[in-house]
Amino acid sequence: AQSVAQPEDQVNVAEGNPLTVKCTYSVSGNPYLFWYVQYPNRGLQFLLKYITGDNLVKGSYGFEAEFNKSQTSFHLKKPSALVSDSALYFCAVRANSGYSTLTFGKGTMLLVSP
Amino acid sequence: SAVISQKPSRDICQRGTSLTIQCQVDSQVTMMFWYRQQPGQSLTLIATANQGSEATYESGFVIDKFPISRPNLTFSTLTVSNMSPEDSSIYLCSVEASWGGYNEQFFGPGTRLTVL
Numbered sequence: 001a002q003s004v005a006q007p008e009d010q011v012n013v014a015e016g017n018p019l020t021v022k023c024t025y026s027v028s029g030n031p032y033l034f035w036y037v038q039y040p041n042r043g044l045q046f047l048l049k050y051i052t053g054d055n056l057v058k059g060s061y062g063f064e065a066e067f068n069k070s071q072t073s074f075h076l077k078k079p080s081a082l083v084s085d086s087a088l089y090f091c092a093v094r095a096n097s098g099y100s101t102l103t104f105g106k107g108t109m110l111l112v113s114p
Numbered sequence: 001s002a003v004i005s006q007k008p009s010r011d012i013c014q015r016g017t018s019l020t021i022q023c024q025v026d027s028q029v030t031m032m033f034w035y036r037q038q039p040g041q042s043l044t045l046i047a048t049a050n051q052g053s054e055a056t057y058e059s060g061f062v063i064d065k066f067p068i069s070r071p072n073l074t075f076s077t078l079t080v081s082n083m084s085p086e087d088s089s090i091y092l093c094s095v096e097a098s099w100g101g102y103n104e105q106f107f108g109p110g111t112r113l114t115v116l
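Taken in sequence, the protein lines are chains A and B.
One point on numbering: in my numbering, the residue at position 20 of the first sequence is 20, and numbering is uninterrupted.
One point on numbering: in my numbering, the residue at position 78 of the second sequence is 78, and numbering is uninterrupted.
To be clear, the hints were calculated from the coordinates, so they are not data collected in a lab.
It is possible that part of the hints are untrue.
Computed footprint of chain A on chain B; a stretch qualifies when at least three of its residues, placed anywhere within it, have a C-beta under 8 angstroms from a C-beta of chain A [said to hold, decoys possible]: (1) 35-43; (2) 105-114.
Listed next, with one range per pair, are the computed distances between beta-carbon atoms [to be verified]: (3) B:50 with A:1: 15 to 25 angstroms; (4) B:71 with A:95: 22 to 32 angstroms; (5) B:56 with A:72: 24 to 34 angstroms; (6) B:82 with A:54: 42 to 52 angstroms; (7) B:44 with A:45: 31 to 41 angstroms.
Source: prediction; values computed, not measured.
The beta carbon of each residue, even a glycine, is placed where N, CA and C say it ideally should be.
Model the full assembly from the supplied sequences, consistent with the hints where possible.
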C-alpha cells in the first residue's frame, strides 16, 4: 500500500525567510508526487508535481520541490516566504503504473509571520 | 485544466436526514472522485465514479451510506444518507483531466457539511 508522511503538523517561518515543508512517501515502483495547497474555506489548489526528469520541480507562486529517490522524499521549498503563503499544504503520491489513486499526507499548516 | 463547481457550498443538517451534493465539471471527464476531509484530517477517498459503471468504493465506505450517481461525463452526485454528527466533514469532488500531456487531478471547492 502507498503512503505519505508529513512529519510536521505546523511550520512557522518569518516573512522573507526560506521555508521547507517535509514529505516522505512509500509506493510500489516509481512515484508520481504532488503538492497541493488549501486556503481557508477553499478547495485544493495544485502547486506542482514530479513525474519524471529533473529532480527539482518548479511550481506555482515561487514554490519548488526536490525529488530524492534514495531518501523517498519530496520536500516543498520556497526561498522567501510571504505572509500570503500561510495555508494548509498536502503532499500526495500515486504509482506511475497501473491503476492507482492519489494518497494524501495529513497536511502541514504553514504560518508565515510578518 | 478543469473547472469544478459544487453545490451546496455548505449546509447544516439534522441527524437522520440525507444530503445530496452535486459536482459539475466544465469539460467531459472519464474519472471522477469523491473525497472526505474530516476536521483536522487529510483527504480520504470515498469512491471513484466512472460514467456508465457502478462506483468503486474504498474500504470503509459503502454504497448504502454514500450512493453516487454519474449520469454523464460532466456531472456527478454524492448522497450522504442517514447522517450522524460523525459525517460532519468537507466533501470534495475531483476529476482526472488531461493537462500538459499528463492526466492530472483537479479539485472542486468542497461542500462543508455540519450535522447536528
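For this session: Give me the numbers of the hints this structure contradicts, sorted from smallest to largest.
Result: 7
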